[in-house]
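Protein chains in written order, with our numbering: chain A, 61 to 221; chain B, 171 to 527.
Do not rely on the hints blindly, as some may be mistaken.
[Stated by the list, open to error] Mimicking EDC-like on lysine to aspartate or glutamate, the simulated pairs with C-alpha atoms at most 20 Å apart in a straight line are:
1) B:K412 to A:E199
2) B:K405 to A:E210
3) B:K215 to A:D133
4) A:K197 to B:E401
5) B:K405 to A:D200
6) B:K215 to B:E264
7) B:K405 to A:E199
8) B:K412 to A:E202
9) B:K412 to B:E402
10) A:K219 to A:E186
11) A:K159 to B:E402
12) B:K412 to A:D200
13) A:K159 to B:D369
In short, the hints are calculated from the structure, not lab data.
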Amino acid sequence: MGDTRQCAICGQPATVHVSHIADGKMVQMHYCEACSQEKGATDPAVFKLVDVLAAQAAQPVLVCPSCGFSDVDFRKRGRLGCPACWEVFGEALGGLLAKVQHEPVHHGRAPAGLQPDEATLRARIESARRELAAAVKAEDFESAARLRDEIARLESSVKTS
Amino acid sequence: MSVRDILSAENELTNMLGAQQAVVLSTRVRLARNLAGLPFPGWAKPAQREEVADRCLKALEALPRFRRGHVLRMSGLSDLDRAVLVERHLVSKELANGKSGAAVISRDQTCSVMVNEEDHLRIQVVKAGWHLRSAWHLAEQLDDALAPRLGFAFSERLGYLTACPTNVGTGLRASAMLHLPALCLSGHMDKVTRGLGQDGLAVRGWLGEGTEAAGNVFQISNQQTLGRSEEEIMKHLSGWIKTVVEQERNARRRLAAEEGEKFTDRAARALGVLRHARLLSSAESMNMLSHLRLACDMGCLPEERRSAVDRLMIEGQPAHIQALTGAELDSDARDVRRAAAIREALKDFPEVGPPSA
Numbered sequence: 061m062g063d064t065r066q067c068a069i070c071g072q073p074a075t076v077h078v079s080h081i082a083d084g085k086m087v088q089m090h091y092c093e094a095c096s097q098e099k100g101a102t103d104p105a106v107f108k109l110v111d112v113l114a115a116q117a118a119q120p121v122l123v124c125p126s127c128g129f130s131d132v133d134f135r136k137r138g139r140l141g142c143p144a145c146w147e148v149f150g151e152a153l154g155g156l157l158a159k160v161q162h163e164p165v166h167h168g169r170a171p172a173g174l175q176p177d178e179a180t181l182r183a184r185i186e187s188a189r190r191e192l193a194a195a196v197k198a199e200d201f202e203s204a205a206r207l208r209d210e211i212a213r214l215e216s217s218v219k220t221s
Numbered sequence: 171m172s173v174r175d176i177l178s179a180e181n182e183l184t185n186m187l188g189a190q191q192a193v194v195l196s197t198r199v200r201l202a203r204n205l206a207g208l209p210f211p212g213w214a215k216p217a218q219r220e221e222v223a224d225r226c227l228k229a230l231e232a233l234p235r236f237r238r239g240h241v242l243r244m245s246g247l248s249d250l251d252r253a254v255l256v257e258r259h260l261v262s263k264e265l266a267n268g269k270s271g272a273a274v275i276s277r278d279q280t281c282s283v284m285v286n287e288e289d290h291l292r293i294q295v296v297k298a299g300w301h302l303r304s305a306w307h308l309a310e311q312l313d314d315a316l317a318p319r320l321g322f323a324f325s326e327r328l329g330y331l332t333a334c335p336t337n338v339g340t341g342l343r344a345s346a347m348l349h350l351p352a353l354c355l356s357g358h359m360d361k362v363t364r365g366l367g368q369d370g371l372a373v374r375g376w377l378g379e380g381t382e383a384a385g386n387v388f389q390i391s392n393q394q395t396l397g398r399s400e401e402e403i404m405k406h407l408s409g410w411i412k413t414v415v416e417q418e419r420n421a422r423r424r425l426a427a428e429e430g431e432k433f434t435d436r437a438a439r440a441l442g443v444l445r446h447a448r449l450l451s452s453a454e455s456m457n458m459l460s461h462l463r464l465a466c467d468m469g470c471l472p473e474e475r476r477s478a479v480d481r482l483m484i485e486g487q488p489a490h491i492q493a494l495t496g497a498e499l500d501s502d503a504r505d506v507r508r509a510a511a512i513r514e515a516l517k518d519f520p521e522v523g524p525p526s527a
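With the rest of the complex left out, here is chain B (with noise of 0.2 Å):
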C-alpha cells in the first residue's frame, strides 16, 4: 500500500455524493493516549521511540478496523508523499517533519493513528458533513481497543498523560471544518472568531494551526481538554457549531436577497475564471472554487456539482497536483496544470442563474 493507493481510493473525504454538507465540510475527533512507563516522543531516545512505534503498530495492525489499510513510517517516504498525507489531514506537518513518526490509516480514510507525534499516540476520526456523535463512538471503539493492549499513562486526577499540558485530561480535541463564504463577505467573521475565541474555541484556517483561511474555511475546536467531560466538551462545540451555521445561513439569505444580480454575478464570474484561465494559483483557485461552492449551496448550481467542487478544493493543494501528475513541479508549472485540471472538471457545469435556495 503507498500514497498513490490512498489518493486514488474511493474514501470519506472526496467520495461523499450525497452528504448533507451545506456548511459543515467535515467532522474530526482526536484523542491524544501515551503508554505508561515510556517518555514522551519529543524526549525519548530513538531505541525509545523505535519500541514505542513497533508496540503500536502490531497493536493497531491487529483491529479490524485497519485491515486491508496503509501502515505508513515517514522515513520511508519522499518528500510530495509526506506533504499530500498532510493535505488530506491523515498525518500533521510535525509528524511529516519528523524522522520516527508513522502513520495507520484504514481503508476507506475515516480513522488514521498518528505514532511517535507529540504523544505516542494520536487517534484521529474523519467524517464527511456534521456527525460528532459517530466520529466520536468510532474513536471510543479504537481508544477501548487499544487501550489494554497497550497500557495507557493516566492518572485519577489529570486523566491522560500528554506531553503538553494543553491536551492533558481528556485528550479529545474535536473540531469541524466550516464553510463561510458569506460571513466573510458581510464581514461578520471576525466577531464571530472573537466570540468563539472568548469562550474557549479556537478558530483557524483550512490547514490548522497558523494557516490562512484560504477559500473561506475554518476549522474550529475545543481548547480545553481538562475540567470537562468528553460529552461536556462535544456538547459546548455542537451548540457553537449550530449557531454558526445558523449565522452563515441567515447572512447567505440577506446578501442573496440585498445584492440580487451582483451575487448571481460574483458566482457567474468565478465559473468564468475556473473554466478560462490558464493559470491558476492555490489561493486563487481557493477562492473562486468558494463562491462556486457557494453558488452551488444557493441554487445558482445544481446542488449535486457542489462535490466536485470539493473534490477540487482537495486535489487543487500543491502536493496533489504533483501528486496526481505525477512529477515534481515548480510553482508555475503547478498554476499551469492546475488550471487545466479544473477546466477539465468543470467543462460540462451548466450556466449561473440566480438564486433559488
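Isolated chain A (complex conformation) (with noise of 0.2 Å):
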C-alpha cells in the first residue's frame, strides 16, 4: 500500500501506527504487528497491568493481607478489592497509572481535616508555583491570583507544622 514505515523496535514493515499527544506536541510511533503486541500499544491502557500480571504467573503472586484479594482477582476484574490493595499493588500498577493517568502522583484535594505531611505540601507548593508561572505566561489573571493565595496558604502550613 505503498507504506514504508519502520517498527521502531524491530526494523520491520510497520503495520500499527499510534499517535499520541506529550506536552501538547503530537508523537507518532510505527510498529509491526509483533512488537505492538508485546509493547501492549494497542491495548487498552487499563488491560495493560492485566497482560503484566498474566505473564507473570497464573497463580496469585500478590495477595492483600486485608481483603484476601491477589493479582489473579484484578486480572479477572481490572478493579481492587479495598483501599489497602493500593499499598499491596501499588508498585505493579505504576506503569498502568503512568500509563491511564496525567501523573502518577496525586496533586488535588485532600479530605476535610487531615493535615498532609510536609513532603506533600512541598510537592503542592512546587506545583502550585509551576501553574502560577503558566497562569501568568497566558495573561490569566484570574488564576494567577488564586494560584498565589493557595502558595501562601500552603507555605503557612508548611511553618506550623
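Please assemble the complex out of the two chains, which come individually in their own frames, going by the hints.
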C-alpha cells in the first residue's frame, strides 16, 4: 500500500501506527504487529496491567492481607478489592497509572480536616508555582491570583506543621 | 417518596425555562469516594455492603441538602422505576442492575449520591446549561460535609483511593452534555471526537458509556483523574467545551447561510412528522426533536419553545413513556404512546420560518 514506515523496535514494515499527545506535541510511533502486541501499544490501557500480571504467573503472587484480593482477581475484574490493595499493588500499578493517568502522583484536594505531611505540602507548593508561572504567561490573572493565595496558604501550613 | 414523585416534581432538567443552553444541555460533576478500611462494593461480602449502605445513608440523610429528598434502595424498586432513574441520569445502569445499591436524591434533583456502585459513594451534581463552577462548589460542599462523618480512604501520594485505577486521585469526572446537530450534519463530528480523544477527553452518547449519540447529543468528560488538580481538570475541560461550542455555532451559521431553504425545510419536515406521526420510535423521535431544537436555537421557531423540546427528549425515552402511562408497554405500544404524547405537546407550535439567529 506504499507504506514504507518501519517498526521502531525491530525494523520490520510497520502496520500499527500510534499517535499520542505529550506536552502538547503529537508524537507518532510505528510498530509491526508482533512488537505492538508485545508493547501493548494497541491495548486499552486498563488491560495493560492485566497482561503484565498474566505474563508473570497464573498463581497469585500478590495478595492483600487486608481483604484477600490477589493479582489473579485483578486480572479477572480490572478493579481492586479494598483501599489497602493500593499499598499491595501500588508498585505493579505504577506503569498502568503512568499510562492512563496524567501523572502518577495526586495533586488536588485532601479530605476536610486531614493534615498533609510536609513533603506533600512542598510538592503541592512546587506544582502550584508551576501553574502560577503558566497562568502569568497566559495572562490568566484570575487563576494567577487564586494560585498566589493558594501558595501563601500552603506555605503557612508548612511553617506551622 | 417514590420514583413517581421524581417524575412529576419540578426539577433542574425538565423545568429550566430561561436557562441559556443553546448548545450545552447540562453540566455534571461526579466524585468517587470510599470509606477507609472496608472492601470496595464489587469485592465486599453482603454484610459489609449492608454496613456501608447503613453508614452512608445515615450520613446523607443528615445533610440539609437532602432534606425532603428521596432515599431509594434498588432492591425495593421495580424494573421500570430503576430504568426511569437511569434515563434521568440519576443513577447508573451498574447501580440499577445491582441488588445492594441505593441512591439519595435531593428534592430538586440537582444532587444525587449513589451508594455501593463501583465505589462506596458516587457524589453527583447536575446543572442545566453550562455551570461547571457552581456544580463543582455543590459537590465540594457535599464532599466536605461527608468526609468527617465517614472517613474517606485517602493516600498522600495517590489521593482518593478508588476501586478502578481510572478514577484514583481526585475521583473527579466533570462532563457536559452537548447538542451538536450542525457538526454532525456537516460531517465534522468524527474529527472533533478524535481531537478531544487525543487530548484526554472522552466523547460518549446520550446515556454514557457504550451508547449511541441519539439526537446528536454527546457527553464530553475528562478521562484522567490523577496528576492534575481539580482546578486544572476543570480548566482543561472548560477550554475544550468553549472551543466545541464555538465550532458548533460556526457550523450552524455556515449551514443556515449555505443551505438556505433546505435548512428551513429540514426543520419544517421534522415538525410535520412529529405533529402527525401515529408511531414514533425512540431513535426517530430523538432525531426529529434534535432538528426542532436546532430550529428553536436558530430563530426558525420561537426560542422559548426549546424547553418543551428538551422535555420531550427526556420524557420520550422508553421507561419514561411507560411510567407516564402507568403501565408496562411493549415496543409497538410505546411507539403509539410516544407519538400521541408528542402530538399533544406540539399541537400549538407555530409554523417553522427561515433562520434569523
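Outcome of the hint check:
no. : hint             : verdict
1   : B:K412 to A:E199 : holds (18 Å)
2   : B:K405 to A:E210 : holds (16 Å)
3   : B:K215 to A:D133 : holds (15 Å)
4   : A:K197 to B:E401 : holds (17 Å)
5   : B:K405 to A:D200 : holds (11 Å)
6   : B:K215 to B:E264 : holds (18 Å)
7   : B:K405 to A:E199 : holds (14 Å)
8   : B:K412 to A:E202 : holds (18 Å)
9   : B:K412 to B:E402 : holds (15 Å)
10  : A:K219 to A:E186 : holds (15 Å)
11  : A:K159 to B:E402 : holds (19 Å)
12  : B:K412 to A:D200 : holds (16 Å)
13  : A:K159 to B:D369 : holds (13 Å)
Hint violations for this structure: none, all hints satisfied.
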